[in-house]
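Sequence order for the protein chains is A and B.
The numbering of the first sequence is the numbering used here, which starts it at 1 and goes up by one.
The numbering of the second sequence is the numbering used here, which starts it at 1001 and goes up by one.
Hints listed in this document are in silico derivations from the structure and should not be mistaken for laboratory results.
The reader is advised that the hints may include incorrect statements.
[As the list claims (entries may be wrong)] Label pairs and their in silico Cβ distance ranges:
id, chain 1, residue 1, chain 2, residue 2, range
1, B, Ser-1162, A, Lys-59, 54 to 64 angstroms
2, B, Ser-1162, A, Ser-216, 28 to 38 angstroms
3, A, Lys-121, B, Asp-1094, 31 to 41 angstroms
4, A, Lys-9, B, Ser-1162, 54 to 64 angstroms
For every residue, glycine included, the Cβ atom is placed at its ideal position computed from N, Cα and C.
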Amino acid sequence: MEKVLIKGKNFLGFEIDINENDIKSITKELQIVLASSSHLIKNTIVTLKLNSKNQLFAKDIINFLKERGISINAVVINDKNSINQEDIPPVIELKNTHTVTSKEEHTATYKGNLRNGQSVKANGDLVIVGNVNSNSYIYATGNIFVLGDLYGIPHAGYGGDEHSVVFAFSLHSPQIRIGDFITRSPEEEANTSVKNSKMNEPEVAYIDNNNIVINSYREWIKLKE
Amino acid sequence: MAGKVLTITSGKGGVGKSTSSANISLGLALRGKKVVTIDLDIGLRNLDMILGLENRIVYDVVNIVEKVCKLNQAMIKDKRTDNLYLIAAAQTRDKSAVTAEQIVELTEELKKDFDYIILDSPAGIEGGFKNAMMPADEVIIITTPEISAVRDADRVIGILESNNKTEMSLIINRINPELVKKGDMMSKDDVLQVLNIPLIGVVPEDKNIVSYTNTGEPSILHSQSESGLAYKNIIQRIMGENVPFMEINEKKTGILTSIINFFKE
Ligand SMILES: Nc1ncnc2c1ncn2[C@@H]1O[C@H](COP(=O)(O)OP(=O)(O)OP(=O)(O)O)[C@@H](O)[C@H]1O
Ligand SMILES: [Mg+2]
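Chain A extracted, bound-state conformation (with noise of 0.2 angstroms):
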């Protein structure tokens, strides 16, 4: 890992991430790094990111970066109570913060209905926000939600992620895909018309022993505990 990292943040403008413990060299690799890209920071929202050593230092770091036209808007450390909080800007903790995941970055939201013979396809998780009517098709590396009554036909974990689900409020496909599984519903369902649809819970569908299996989300959340 760098020892002085400048990190941009969607909306958020940039982070300073600092895993340098000697004030010495701190102040040596933030000259080299601001050298370049000082520029581009200044005037924008910066935050300041320590860790348990270095946060003794909190002060000094700030002044230093004051002094190069930078200033802070925030500290970013792990636990509050362990840094002495006067005289620097309001602390962010990561104590109680879950940091999204790369992985979990990656979810492509879709609004409005899917109509016969259209799809969609994504990388990572997959949210739509609408009906997905009979005839549809909707592919992704990731999960699949559908806000909405799922009548097409999702393929979840698409391109083998058997950890895979596919989440509706109202789960109808004639055929669900997950990972290399596939499953169909039972024939007398196969046309399923939508008098027959009650306004039944949401259910999940998920990979158990190698087995495509549908269960309400109520069910299922149990299981994951």
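Guided by the hints, dock chain B with the ligands onto chain A, whose structure is given.
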């Protein structure tokens, strides 16, 4: 005058496009609008018959685009009102005899003199349907309350959306209240749940329509008939009047629909 092109289409065949085209055209004309209706079902014409104008056809829409005749020579005036003209389909040709560009050009010309240009689309999603879709300012989709018809309508709506034809409304035709009540037929709300576009009319199954077609007198001329009443309401809604729907076996909107509508905002 800046006329509006109203295309009547369905996906599935035989669900009532021509019957609706005839009733809507004649209904708007009887309400004082200047209307021209074009039968784009080339090779399978029947709008002329439904309107009772069969014996007046000399020239047709293919003759116009091939410049065999002048535009006004192929415009057949209705026998009941001066406000309605029909341009018939050619019977001896097929759908490839005209292109979408030619129909766009024709409707642009007609927009100068008419309030409404109503296009009766052929079934399907092929070339003939494209000819009717491309010039449209607004589209009315006809479906019957059957799964296959509703799915085809859904397909057509998707194609219209991807061509930026977003001014759409729906007519549900041949609904049978008895069967809906017994749960043997999709209800209006079941259909709307799937198609999710604004409803402009519900036309009940009406056994008299066969004889209305045979005599060339659309339902709208029989103001007491069930279908005539339904088309009268549709005309009023097209003209921007607020008419409540005759409720046929109403169902409560589920919480699901409410949630989806919430997210759509
Ligand atoms: N509401 C109704 N009640 C009873 N019969 C109807 C009704 N609407 C239409 N029909 C009948 O259904 C048949 C098909 O209607 P129509 O020709 O209007 O359909 P279409 O969609 O134009 O068909 P095509 O796809 O072949 O052009 C006709 O015989 C017509 O009389
Ligand atoms: Mg027809």
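Violations among the numbered hints
Hint 4 alone not satisfied by this model.
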